[in-house]
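S.K.: Chains as they are written, first to last, in our numbering: chain A, 172 to 490; chain B, 2 to 295.
Keep in mind the hints are simulated off the structure, nothing from the lab. Be a bit skeptical, because a hint or two may be false.
What the hints assert, rightly or not - Stretch by stretch, here's where chain B covers chain A in the computed footprint (C-beta under 8 Å, at least three residues):
{"hint": "1", "stretch": "189-197"}
{"hint": "2", "stretch": "313-321"}
{"hint": "3", "stretch": "425-433"}
{"hint": "4", "stretch": "441-455"}
{"hint": "5", "stretch": "462-470"}
Backbone N, C-alpha and C define an ideal beta-carbon position, used for all residues, glycine too.
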Amino acid sequence: MLRYLAGRVLDLVLVAWIVATVVFFLLRVIPGDPVLILAGIDAVSADSVARLRAEMGLDRPVIVQYLGWLADLLQGDMGTSLRRDVPVTTLVFGAAPATLQIAVLAAVIGIGTSIPLGVAAARAQGRARDGAITAAALLGISTPHFVIALLFIYIFALGLGLLPTSGYVPLTEAPIEGLAHLVLPALTLGLVMAGILVRMMRRSMIDELGEDYVRTARAKGASERRALYGHALRNALIPFVTIAGIEVGILLSGAVIIETVFAIPGLGRLMIETINQRDYTVVQGAVLLSAVFYVLVNFTVDLLYTALDPRVRVAGRRA
Amino acid sequence: MTDATSQGTAAPAPPRPPGLFARVARSWTGGIGLVLIGLVAASALAAPLLSPADPLAQQLSAGTIFQGPSAAHPFGTDNLGRDVLSRVLHGMRFSLGVALASVGIAVAIGLVAGTLAGTLGGWWDRALMRLVDSFLAFPVLILAIAISVALGRGAGGVILAIAFVNIPVFTRLARAQTLKIEQAQYMTAAVLMGSSLPMRILRHTLPNMLNPVLVQASVALSFAVLIESGLSFLGLGIPAPAPSLGLMIAEAKAYIALAPHMVAFPSLAIVVTVLGFNLLGDAAGDATDPRRRG
Chain A
172 MLRYLAGRVL DLVLVAWIVA TVVFFLLRVI PGDPVLILAG IDAVSADSVA
222 RLRAEMGLDR PVIVQYLGWL ADLLQGDMGT SLRRDVPVTT LVFGAAPATL
272 QIAVLAAVIG IGTSIPLGVA AARAQGRARD GAITAAALLG ISTPHFVIAL
322 LFIYIFALGL GLLPTSGYVP LTEAPIEGLA HLVLPALTLG LVMAGILVRM
372 MRRSMIDELG EDYVRTARAK GASERRALYG HALRNALIPF VTIAGIEVGI
422 LLSGAVIIET VFAIPGLGRL MIETINQRDY TVVQGAVLLS AVFYVLVNFT
472 VDLLYTALDP RVRVAGRRA
Chain B
2 MTDATSQGTA APAPPRPPGL FARVARSWTG GIGLVLIGLV AASALAAPLL
52 SPADPLAQQL SAGTIFQGPS AAHPFGTDNL GRDVLSRVLH GMRFSLGVAL
102 ASVGIAVAIG LVAGTLAGTL GGWWDRALMR LVDSFLAFPV LILAIAISVA
152 LGRGAGGVIL AIAFVNIPVF TRLARAQTLK IEQAQYMTAA VLMGSSLPMR
202 ILRHTLPNML NPVLVQASVA LSFAVLIESG LSFLGLGIPA PAPSLGLMIA
252 EAKAYIALAP HMVAFPSLAI VVTVLGFNLL GDAAGDATDP RRRG
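Looking at chain A on its own, in the form it has when it is part of the complex (with noise of 0.2 Å):
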């Protein structure tokens, strides 16, 4: 177990040095000098943009600026904003609690729902609610963020005057204010994810109740319930922990999304922000802290299904 949890934390560290790396190289093909940017339109003498230049350590071949932004990012630091004169690290670390505490509480929403909702469609399959469910899940799967986000601002906030439909207050200044405005953005987040998580849940739900075990439990007089809870859906929720981590990941994705429809000052509206800005140093910070959550978030899951799935442990050993 502990040369499997070795190995896993091995490719951890792999993972995040390549993530990096890509980000690295991906924001410094950006076309436009981010000098000529700084310096504004007015200000080109040639004199300081190379002052500028040596000045950011863009003057270095790219091999010695990525060593020495690695060496950097090891030591926790990820640069100034190419804007303001804050460090990377304060502007982006400020953002992520916003986007944690929305996708935190999404994934309460989205898991919480899509168990009971694709456990009791699985068991009715083929008939009336199944078939609503499986219609609910498709049009919840098919629909961007933004337009359910939009369904809601336009019913709850506009129509009923029930929720504030954008801004930010954070939890440990005001708590009920604050939860207020976490309910739609969390509350759309949730549902998309739902949507897929139901199907999951309905799939892996319907594959195992035709196993044989379930029958013989059937068969031994086990309960219904017993049957149901204590042999099929654990050995269900396996595929389905999968596939809930990698939508936790993609939650990310679709926050930053509705930062910017909610206009909640999170990690998504801080990297679209920062773009119109060019201001790309931030940039880099935020996405590189995204993929970072996600593949933390990965590492997690891959426990988890350690812990639910033997078999996975042993072969872990073997290997």
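Place chain B on chain A using the hints.
M.R.: Positioned in the frame of chain A, the structure of chain B alone reads:
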């Protein structure tokens, strides 16, 4: 499910099961999917003919902006007096074009890379799969955003960004299929008959992975439409005033209380397109996997 085909055919060849398309069209989800995609494709192709007005023509006066649906403007007009129906039709044309182009590129690159990895194995296989996995370590939209920013705004950047995020899936699929097909008896027979490697790939490997690739392509198309709309909603797609569904919705957001039709119609166009591809993908998945029914 009734299976009355294949017996009645008078062909001299051994009876073959009905093709993927026929099986998809016969299931009712696939049927609805085909109808929806048919409608979307037809309106996208015929957008210039069907549009009642120029999608860019503005009519700025109190009586011509923010109009609800009417006979002259079935989907109403927007904040600049432009005809929403014409803009939606052209937006669908753009969305569908981007989706087809990007998935086409992803399929081509993914098939080549995956088939090579599966056939050659060893060092090449491990390096390529490691690279593919590291791209899977990014949240999809964020990767697409980063790539489209790096490539610059415009249709080309959007197509390449969406193609890129789809390549890993097709590479993995092609590799898995290659490994599976290598084990098949007809492959052993081909090797024994002295068929060369390129010949085997062209005659056996690629044709035999067509169905799973088509299933995945359908899912990828729905995904591509969603990402394209997301990018343009964020203002990272093609620049205004070009009619793009996501951008139309982003602009309409400010007027949602005043003119909800400006949000509703482009949204509906996206949902119908994505739903159509998802239904097709579901039906195709059910048709190729005998375990998946219902």
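S.K.: Among all the numbered hints in the text so far, which are the ones the structure does not match?
M.R.: Of the numbered hints given earlier, the structure breaks none, since each of them holds.
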